[in-house]
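**Student:** Can you make the complete structure from the sequences, with help from the hints?
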Amino acid sequence: MLPERKSLVLDEHAAAALFRDGMTIAIGGFINSSHPMALVRQLIRRGIKNLTVVGAASGGLDLDLLIAAGCVKKLVTTYMGGEHYCPVAPFFRIAAQRGELDIFECDEGMFYCALRAAAQRLPSTPWKAGIGTSFPEINPEIKLYNDPVSGEPMLAIPAIKPDLAIIYAAHSDAFGNVQHIGTGFGDRAMWRAADKTIAQVERIIPNEEVRKNPLTTSLVGVDAVVRAPYGSHPFAAPGYYIEDAGHIREYVDAGNAFAKKGDRGPINAYLEKYILKPKTHEDYLETIGIRRLISLHEY
Amino acid sequence: MAGNTTLAKDFTIKELLATFVSRQVRDGERVAVGAGLHVPRAGILLAHLTRCPNVRLYVVMTFTSLLKEPRMEPFYTVYDYRPAKWAEGFILHDDFQEDPRLVSDTFVVGGLQIDKFGNSNLIGVGKDYKHLDFRGPGAVGTLSMAHYVDRYYLFVQSHDKRIFVDKCDFISTVGWGQGGADGRSKLGIPGSGPVYCITPLCIMDFDETSKRMRLKSVHPGVTVPQVVDNTGFELLIPKDVPVTEGPTEEELRTLRERIDIEGMLRK
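Quick note, the sequences are listed as chains A and B, same order.
The opening position of the first sequence corresponds to residue 1 in our numbering, with each subsequent residue numbered one higher.
The opening position of the second sequence corresponds to residue 1 in our numbering, with each subsequent residue numbered one higher.
Check each hint, because a few of them may be wrong.
What the hints assert, rightly or not - What follows is a set of in silico ranges between Cβ atoms, one per label pair, in the way DEER data are often shown:
| hint | chain 1 | residue 1 | chain 2 | residue 2 | range |
| --- | --- | --- | --- | --- | --- |
| 1 | A | Arg98 | B | Asp160 | 19 to 29 Å |
| 2 | A | Lys279 | B | Gln178 | 51 to 61 Å |
| 3 | B | Gln178 | A | Arg211 | 51 to 61 Å |
| 4 | A | Arg264 | B | Asp160 | 27 to 37 Å |
| 5 | B | Phe134 | A | Lys212 | 48 to 58 Å |
| 6 | A | Arg211 | B | Gly36 | 34 to 44 Å |
| 7 | B | Leu7 | A | Gly265 | 49 to 59 Å |
| 8 | A | Arg211 | B | Glu69 | 50 to 60 Å |
| 9 | B | Gly188 | A | Pro87 | 51 to 61 Å |
| 10 | B | Asp182 | A | Asn146 | 14 to 24 Å |
| 11 | A | Gly246 | B | Lys130 | 32 to 42 Å |
| 12 | B | Lys130 | A | Pro3 | 52 to 62 Å |
By construction, these hints were calculated from the structure, which means they are not laboratory data.
Positions of the beta carbon are idealized from the N, C-alpha and C atoms, including for glycine.
**Tutor:** Encoded structure:
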């Protein structure tokens, strides 16, 4: 018998079986777009704890949800808000103010330095922006040093190596050739840095389709592919749907009830309704409802 | 500029601010259009449509020219995919380190706090970093962009003593550091720093020698004492403080009919 190329397609449960307490996990996307939410919800359902979460360069409410659900020990990102939906992510804000969250304080330049160092198997990457700021003071992992060539002061940004990256993209074939629609934000940097990458995609397309536009292939070879239509909901998915403003507001309201009044009732109800009660991504989509989903078109 | 250069009579403060921003743009530059802030967004687009046909706009992570767009469909977020229909190309977000100047020659930086030397803070307010009184959203890309760009602008949506403080609790973006004309160069920072601080009350610039913040102009209806009373540090006040110049009839028409079609600047 001739050898067959192996399919890398996993269902969401088989993919979630790779999650471990205490792992360093990178989550792709950007603010309110392109997060692998079917897998994020599986992290919460499985009660995964003590994660070091490397959020998107500019993170968002996907990370706030993980903080609300008690999954996060340490956070690496540059921004925690929801743009016009909320200036500062509510559970992040309270956890940070109480000193309950270990934060790797950085900006976008530093963030990509940390991933680049990991990809290049280097202990750190030099970066200049940040000299004269509070960053080396409030993030003791960032070290000030003098460049051995010029003598000028520099910052060493330590490598951050994710054990696993989970990213959202429009398409992949069964063999892990991933094609984003749009720029793909910083997902490539996560893929280069991480030991393993799972791509959660809107559609699994034939290999022939990939070969029609090989320059569109953004990640050449991930470790597993999970199909989850509407899988970035409530966030946007370029080429497929816009964010669900009503759902995001529902989450922010639940967050504000906690942040402003200390009331965990609304977020507990949110977690129960949208994450713990639905056992699968299909159950989740049924909870959201087809009318709501198909109203989120881009045109 | 073609069209009616008579100064308009009826405009909002946001329209005046957008006009001020537009006059900072130079033709041929690369200019990042932050989607979330309506005023700088409208100002940059106004410059593009009136004086600067050759700017390369960085819109929602793509580069484009919008000169031939009769009316701007609104884009309010930096992740909205729909403006990608205009894209001529893009620079990947994770190529940030290659050269931030490829993204933009100028930038707009906000702040929870801004001090008298134009240093700003998006990290949080409080003395103890582990127990802040108010945790901010974080620095996003502001410090790296402000480090490398040719020049940048501080922009805030309110003007009070909570924002304008003698000393920031934390510095996320360096303005003029500890002050002085060499405040940046002695730290080895290449860009030429903050030029103006733009607020709903006034425009401020920096004294050439001390690099302390100085009042440049007040907006129509605003008095100098009103600015002083709402600023938490000693602001330099020159002898003559003019009123900030508003839009021309032509600029106002372009703003209302082609850029701000939803009227966000009129609310």
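**Student:** Broken hints, numbered, in rising order?
**Tutor:** 8, 9
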